[in-house]
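Asks: Listed below, chain by chain, are the residues.
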Amino acid sequence: MRRERSTSSVNMAPAKRRNVSSDKSCGLSVKAAKIDVDTIAERVLESRKHANDIFDILEILQSDSEKDVVCAVDACSKVFCALLERKELFVGKLPGEEEALSGGYSAEEKFRIFMLHRYNSCVETLLDHLSHELHAVRESALCCLMRFAAGEGQHPLEDLDWSEHYSFPRKLIQAVVDNLLSNTTDNSLLISRFQVFLEMEDLRYYVMSSIRENVGKVMGKSKGAVLPVYQNNVFTLMSNISVPSQESELTNFMVKQGANHEDWKAAKLNDHKRAFERMWLGFLKYKLPNSMYKKILVILHDSILPHMSKPTMMIDFLTAAYEVGGAISLLALNGLFVLIHQHNLDYPDFYKKLYNILEPSVFHVKYRARFFHLANLFLSSSHLPVYLVAAFAKRLARLALTAPPTALLIVLPFIYNLIRRHPSCRVLLHKPSTEDETEPSEDPYVMDEEDPAQCRALESSLWEIKTLQKHYHPDVAKAAMLINTPLTAQEDDISEVLETTTYELMERDLKQPPTKNIPLEFEMATQLLKGGEGVLGQHFCLF
Amino acid sequence: MGKPPKKKSLADKVRKTKTSTEIKNNPFEVKINRKKFDVLGRKTKHDVGLPGVSRSKANNKRKETLLKEYKQKNKSNKLIDRRLGEYDAKMDPEDKILQRFTMERQRVHEKKDVYNLNEEEELTHYGQSLAEMEKFNDVVNSDDESEEKGLLSAELTAAHFGGGGLLRKKAPGEEEEGSQRARTRQELIEELIQKSKQEKRERQVQKEEAQELTEKLDQDWKSIQSLMVKKTPKAERIDNPEEKPKLEEYDMMVRELGFDMKVQPSEKMKTPEELAREEREKLQKLEADRLRRMMGDAGEEGVKSQIHMSADDLNDGFILDKHDQKTLAYQDGKWNIEEESAEEGDEEDGDEEESGEEQESDAEENEDEDDDDGEEEKEEDGDEEEEEGSSEEEDGHSDLDSEQESENEETKQEEKDSRVKPVKSLTKEELKAQQEAAKAELPYTFAAPESYSDLRGLLHGHTPDNQRLIVARTQKSNHPSLAVGNKLKLQKLFGFLLEYVGELATRSPPELTTVDKLIPELYALCQMFPDAAGQAVQSVLTDAAHSMEETLEVKGHAAFPTLDMMIYLKVTALLFPTSDFRHPVTTPALLYIGQALTKCPIRSLQDLTTGLGFCCLAVDYVSFSKRFLPELINFLSGTLHMAVEDKAAVGYTVVPPFRPSGKSSDLLKLSSAESQKSWSKKSIPLSDTQHLQLSSELDRDHHRLTCLSTCLGLVERCCQLYKDLTSFTYIFQPIEILLSKHLSTQTLPESLQELSSKILNAIRNAAAPHRRLVFEKKKPIPLKLLTPKIVEVLDYGKKRGSTREEREKERLKHKYKKEFKGALREIRKDSRFLAREKLGEVMKRDDERKRKVRELFGSLATQEGEWKALKRRKRKM
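Keeping their order, the protein sequence lines are chains R and H.
Per full-length UniProt numbering, residue 1 is the first one in the first sequence, and the count goes up by one each step.
Per full-length UniProt numbering, residue 1 is the first one in the second sequence, and the count goes up by one each step.
Derived by calculation from the structure, the hints in this document are not laboratory data.
Model, not experiment: these values are computed from the prediction.
Note that the Cβ used here is the ideal one computed from N, Cα and C, for glycine as well.
Any given hint might turn out to be false.
Subject to a maximum C-alpha distance of 25 Å in a straight line, what follows is the list of computed DSS-like cross-link-like pairs (lysine-lysine) [what the hints assert, rightly or not]: (1) Lys-36(H) - Lys-829(H); (2) Lys-723(H) - Lys-478(R); (3) Lys-663(H) - Lys-294(R).
Quick list of the computed label-pair ranges, beta carbon to beta carbon [as the list claims (entries may be wrong)]: (4) Asp-64(R) - Asp-646(H): 53 to 61 Å; (5) Asp-646(H) - Val-446(R): 19 to 27 Å; (6) Pro-769(H) - Met-481(R): 53 to 61 Å; (7) Ser-382(R) - Leu-786(H): 39 to 47 Å; (8) Leu-786(H) - Val-446(R): 37 to 45 Å.
This is chain H alone, in the form it adopts within the complex (with noise of 0.2 Å):
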């Protein structure tokens, strides 16, 4: 049926208000409904309820639609509103009665004001009359408020809710005109707006008089931003000070100078002493790197920094390491790149300090001399690298007079050589000068080689220096940072190079000093392609340790790796970590190496000098490390087991690949006890694991001597090695066995005889015992708490822990449900309505009928009364 009439007349609405804030004062309207707990934060809605007003309210509703709709049952008749637009809800209300108030108009003027003579009607505005309203004039203007708001003077609050007060207060003069109140009161009302006003335009000068300080402020910056940063300010716009993009502005410059690369105060000069703390903390670091890789747990803490590539920052011309940085500084206005030459003579000064230093901390003499050349060159690297990335910023600045870059790093290069040459050939003066000469040959720049062929091509005909000097040009004049595929190409060069380098290995005789002249070589282009490097290598452990398996699995034995598989593993140990845990390089490699020692049979002196020469390569990779390698002392023991003349009841028992006894036992065996006298240990040479010349019995006897020498030198480092091992005693074991009751029977050379009474020494020192294993102590698992676990809240009242469609759905579930709740209610109300309606309609006519029964009883009593009357007035007449 029809809705409720939306409008409500101003009167009606006042008397709502004020019945409803009644109800809500009165305590037997209100109920309260009562908190189980205190929520903090939550918002209750419905704290207190007021039934007697939302019944009635239900209740009125229901009359009007409900008990509407039940008086019109069964009725056919209509009524029909005709009201102009009573329906239409796309009608503005104030449409809506405009349009009435036409058609009553027109209504009204064809009608009765057909003579009217413009006669004003009266206009009213909620029934009431316009023209008594304006007699008003109600002040309070509600756009001056507006403009005050916010602001609190005691004359204002005394002037708007002070009453007389005021009055009394403030012209005591005016008194006497006591008839002029009213008057006066407007009077004082504008006065206090002028008021206002004028305060207002105080307020807005200041504000503009601020501006344009801060203008004035913005101009002065700009000519001194001018002065600070070298780029010409933008175009300045004075004529129209716009105040929005002044301050967009504004903002953006304070933006852009906290970015900009602040003048600092440039770092204080190190000294020498300062200089040589910081190397020995970076090494200090690295070692410390090294020692946690070494335990294996590096694998699990993450991304590992490279902090390798610090020692060598050719890689892309920039730095790493914080101490390694020259900061730009100012000097006078200029760049500081003038002071460099002579820091860097401070530097080398500070680095020869730094070497006694250094020789008193812990490191071996020989190897820390290395380290500084090494240091040195890197350093001098690095400030070259520097010096060509701003030589191509600056070109002015640059402090060498040079028209060309290319020229210009060719001749820093030169000066890089000599300045390391120096350092090289402190003890070989005539091969400086002939590098000096060779030097003026070679050109400067090298195209990389796209292939194999090409390299071989290139190194071809030169000498060992000179082939390594042709290496490092080609690698700085590939440099990546020079040209894009620099980098791709450079990591070629390093396959191509250690290619060149099995190849050198391999020639007969092997060229083993030009390989040893390629090792800076390689080093420095593994520092810079650590990963390809890397790869590189593996690849050719791959490739040898594929053929060697497929090898045994036809024979069940392999022969020992040729030289060049030697020289890649060396070289492995010196590009890659041999301490650690686990690398993807090293371990292959030793395990190459393992592999080698237990399955390649020994059936010559070759292949006897060739696994020695594998037993110290595999000393070498486990000596920083002190890992346990079984193959190395089977091997060893087996040596020496060679040299035992008599080979019937030994105390022990010999691992693959030697045998007790047969033809290739007895290798180590001297032919006669003489030839030991004329002996006198000297270094194997490398090439003889390839191509073993021993044309005299007595060579061979030498060569015995001294393959037994280097066995005992291993034998007595593994001791010192393997010491600390729970069964070092058993390891060695039947070293102790060989050395005790089978070599010292024979004649030996007086330095072997010591070298073997040393390590029994050491073997029978060693024997500690132990405490039984037991398990690691373990934390105790704490006892099942009972305490709540506490959860942190983030959002209230929200379900967690499910996705977004199931909450949704959940949310909906709950609304039907409460829908349904809420439309049953209603329904059980309304049929109680009705109920009641109809009861009280019956109990309406009830009423109706026994009233018009008593009527009619009473009619017919005064009937029946005024018929007796008659009857007894007849009788007394």
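If we strip away everything but chain R, and leave its shape as in the complex, we get (with noise of 0.2 Å):
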């Protein structure tokens, strides 16, 4: 056949196209290029004559040029839609290329199972293109695929013999969809291209589906080994998915069905969530690495579980990550609040283990202004034991004596309230002694108690506040001085300070007035290392 093209064709620019084959880095502007490709295809499309042209076009769509291969793309996109239009692609059970020559079928047949092999394989190129080195060329590639999708979404390339049947190029979805889930390369960009279509209510149906096949089929296969590359493609792809929360919602469709559109799945929210559901869990139900459980429980309460069916199938995934401690545990009490607040968990222990995962390290994470100010939430009940409400106010006392200003003027406040929200607590600041025990005695306070009811946290007082008058920053002084006198009955309000850093604090005397004097030392400074006490001196020399 390519012989044959090769002598009937009528050629135009013969040495043009010769130039692109032969030698494409050459000084040949790509405008004349891409040109050329639009006249090879416009001529495909034209008569059945230059049906050949077509491989012209593969050729180039699998050349090293990025400009090339772009414009080829394009090309490819216009011929195959506009056959997909005219169905000019065969429709049904593909025979082989030379089973097609060979048996009983018709020359329109003939050329339509041509074209639709051409078409495959079209495909085929553009999704390796999916995992191309330029994200140009990828992006191209899958404009280019997803229009062949809403193509052959208009036009199936399938039988439709059972009228229960919905037309959805699925298995063109499912390849993309595989593709994208890469385990090798990070593309996250091209998920974010790709975001854009899964605006469309039935694709991303589809390709919730798709994915959650897909991680079947992925995470099986690697037995519970850890692959963040490809987890974190999946994150990527599946954050980026949110499911609209009312039915009527659910209009922007890429595939229109006829008469029974109503009942198809696609079309139907519950059925989305359900997909949804599935998807995660499915992704979840696998062992993740440390930062992706981060990340997921980052979103975890305001972008999947409104979207879920049923979020108590999320108790175990999350009750899983609180055991875990540290920084993960602080970030499974917004889910688990969530399902506590609003889906009627109960949850055993609760504030035990919340009173265990208070470390050092509270004060140092990145996310210590959602766990305090999830903390200030749960400890806002009015029903909670004195003994607990004290404990807490000890410990995070004790722990302030490691903390940073900016967690500081958090914590103080922190405490102040618990106290005046159970006023039984005032012992811990407020503790005259009586005629049997005016001992001194040793802060009788068990730090290593995992239990809030054992460690004695009522016959203590906060020492710690006490210490933290001496604090450096002016206003975490101030703060701890309020201790000196009874507390208001006003509770300070901690939302305000929770997202303080260390720049604003500082920016509180830097960009104040100039006006005010600025005391000077007296010390005569003479040398870098002298003055003060010369800490710096003792220890360090000039050279």
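Given two chains presented individually in distinct reference frames, assemble the corresponding complex, making use of the accompanying hints.
Replies: Here it is in structure tokens:
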């Protein structure tokens, strides 16, 4: 056939074509190449005589030059979309190429079979291009594939022999998803491009089920090992998916089904939710890297749980995460809170665990603000036993001895609020000595005790806050001074200070109006390492 | 209707007053208005009322107005008063009379007196003939009376009030002439007048004499004044000694004298003891101030006086502190400048003595020396300022024989330098020689650099000492008192210098010697312009903190700040007090250090060295105020954790940025136990925080041990600092566990083991139990008392607490109400009066009728009687 083409075709610009095929990086402009490819495409569409020119396009599609490939992709999309439109692709079970030549097909059918084969090879090449090293190529390939998918949806390539069947290019989508969720390269850019298409309800529905299948397949193979790149890709794709909150919002479809559109699964919100849920659960049941845990937990409460049909299915995952300890526990709190608050989850020893995740690191992690916000919510209940509240206050105070000033500005009002809410905790700040126990005692509080009921916090006092009155930052010292007098009845608003950064703290002093006189050191400075106590000079020398 | 007549005859007046006093004395006429309270200071107008009088007055008035109106009612004819100018208010009454008189005269002249030949008509005054009055010869002259006002002598009183007694006493001889009584009296009075006139004249003469004396005194004073003040007295005007200008001039002089700098006894020369005491007092005052600021109540105490300025008086040549001030004094009519040099010598002696004293007292030895040097330098600076100032004023008296001021100054600078140097170069003799050589090459004046590159160009290629000298000379030759723009230039110079210091620190290898030399200059500039310096340092801090914040936002952690930042922080601590409760520069700086110690992960020995450097800085910052810095303890315990061999099952938690385990958590583990034997403690060069080059494993081990010893040293220092904190044991708990359980098992050099046992002892000894917390005792709130609140009233009867407009409105309202009521009352009275009048009229009419009727009846009765009599007579007849 190729030979036939070279003889029979009316060649309009042979020199140019040769140029393109022989030396792509040659000085001829990209524009020329584009025109060239475009003209070929036009010719192919013009008449079946030039059908063989499609090979040229496919050849350019596999070339190395980025621009050429992009042009070719455009041309392909134009040609095959047009063909799909005209229904000039074979419908039904595709016979092999050789078989088609030999079998009793009409010329028309032979052409369609031929074209379908070209179409299939084009799709394969494009799927390969999805993992191309150049983003432009990947992106255009993705767009082209999606156009094909839309075209196929309108004009299905399979026989619709039974009425229950809904036409949707499932295979194509599955293939796209499989390629997107690469095991080796980070596809986050491409996935974010793909997100645009996820606006379409039916596509999203099928993508969700494709992801589930793909995850099951890939993770099943890995046998419990962690695949960071793959899982990252999956997470990126999944976190981009969100289900609309109401059925009436399901309007944007890629493929319109005819009569029984209403009964289509992709048109039902519940099915969406179920698919969404299954997708996530399918992903979460495998072992995840720690960073992935954190990422998931961060978005869990507001972009996963609300979209699930049964959020309680997440209980296992969340409790497991809560048991992990450290920052992950802190983050799991948020999801747990939603479940407890809205879905009636009864979590035994919740407060005990909360008590135990209070470690010095809570003041240093990135999610400090979120943690304290939640802890404030949890401890705002007025039905908590006094010993528990006292234990929390004491533990936080003890931990505050290692906290940076920004955290101290949160934790001090936090403790004060606890004491305000539970006036019987006032003994922590104010315990006038009685006759029988005049002897000053060691701090009876047991820091290592895991059970807040046993830690004897109520017998202690918050000497730590007394210590913090000598803190170097004036704001902290002032906040700590508050314990010298009875606390005011009004609770402090913690949410204002949750997000304070050290830089903001510094700015309070730095950005003051410059009118004030700046006090100066009166001891004459003579040398760099002397002056003050000269501690730097004791351990360091100039050279 | 017509107004009541204004003019009243004298007689009428007299009668009126008579009756009024009579009435007032008549208790039946007087109505006393009872007062409820006696209010001090209030004048009462209406305490006594005369109802009868006022009623009759009102009645009269009505009769003249209302009644007339009433009578004129329904009457069309009118009485026209054609008297000349009767209703012309503009006309003077005298004019009126005059015109009327002329009119009358004219009329009379025209008609009657056509033939009257120059016959005097009688002139009258108040209806009395003037000719008659002239005969009286009344002597009382109003002018004389006014002259003798206030003069009260026995004679005079006797003459005026004594009646006849005077005559009897005074002129016994004249008594025979009883017939001339009237005349004698006249004479007597004349005599009296003469006497008083004489007295007056005498007084005048006395006054003039006094005046002359004053003038003389004035002139004398002027001559003296010209002696006292160098000013030539103003043009003397003796020829016309006007009193008033003279007086004013004199007053002016007096006042001027009051404000003039008086010649005071010069302050006595201070003995060295006194000087030392003063110095100590000053330091104590500064220290007290520092403590006050440390407690944090400084902000509330209002404006801070700039006491610190006194430490260096270069600012504008003006000295604030009293004891620094040299008073000018005369010595044999000349200024006492010549004595200065000798005095200086004394002072220096004094300083030396003082240093000994101070060492005894409290301060640390090494610093004391520096202090003294500093003080000395300062004093000399001060002296120099004085000299400059005075030499500008009076060239002739300058102690230095120089022609021009600028040169003069330079030489002095040189002199000053050479004066400073001996103190410094006591130890380094060769350095001094080098300096002298270099000084010979350097120019003496420098233009202030306009940009940073200017400064760099200026300092490029000089030795550190010369660089310092250049900066010092730049500063001197651009002193703010010399030209207008110099202040700004020097402020900029501080910024440039700071930048230069940073650049020196970033060079490789860092030129810290130069930085070290430049510190005094930075300090001096900072003392001159605290605000500009503060802002410059603040901007450095802001930039550094901002860049760190940005990296933190992106990555979650940041690299350790470079050496220049460390130098900046150290310089900050040198320039500004670190112990203040809140300080616009040092508080952010300390925050920055804390931030660096928590957010910068430690990945290499170099990082660790930098971190320890920051720890040292942090200890430096809080060493005086003993404030608690959690980040510091965290870092130190984390550092110790790095040296632990066995990371499993530690009994403490490590705080970020340290990790309990991981690749960088073993940084301080020794590779071989042998290396500790060859180790000896030495200081770490600051440049190691930039480029740490450790070629062999042995070197690395040595560096590790040095780091460990630094860390332990800092821990020990912290133990001392924080031993008073209530939670001391819990703060140092991780360190205690580390030292006692983990590091003690490891083989460490002896010195380190000693140090660690010392720390452990300190921690264990400090564990003192505390009492449970109680609130501070509050003053009980006093019960509400029911005694009236007494408010001082300054303006009686006036309403307070409202604005002027409101008060005005209130006043008008009140007035309106009063007027309204009054008007109502008047109308009622009017109508009552009218009714009474009408009734009177009716009664009168009725009476008239009755009378007429009776008359008629009477006449009828007489007629009847006559008729009857006639009839009877007829019958008789």
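Asks: Work down the list of hints and note, for each, if the structure agrees.
Replies: Here's how the hints hold up against the structure:
With a C-alpha separation of about 29 Å, the suggested pair Lys-36(H) and Lys-829(H) falls outside the 25 Å cut-off, and the hint is violated. This hinted pair checks out: Lys-723(H) and Lys-478(R) have alpha carbons roughly 21 Å apart, not beyond 25 Å. Proximity of Lys-663(H) to Lys-294(R) is assessed by CA-CA distance (about 22 Å); at most 25 Å being required, the pair is judged to hold. Judged by the Cβ atoms, the range 53 to 61 Å given for Asp-64(R) and Asp-646(H) holds: they are separated by roughly 57 Å.
With their beta carbons about 26 Å apart, Asp-646(H) and Val-446(R) fall inside the hinted range of 19 to 27 Å. A hinted range of 53 to 61 Å is violated for the C-beta pair Pro-769(H) and Met-481(R), which are about 23 Å apart. About 42 Å separates the C-beta atoms of Ser-382(R) and Leu-786(H), a value consistent with the hinted range of 39 to 47 Å. Checked against the hint of 37 to 45 Å, the pair Leu-786(H) and Val-446(R) fails, with Cβ atoms roughly 55 Å apart.
Violation of the numbered hints given earlier is confined to hints 1, 6, 8; the remaining hints are satisfied by the structure.
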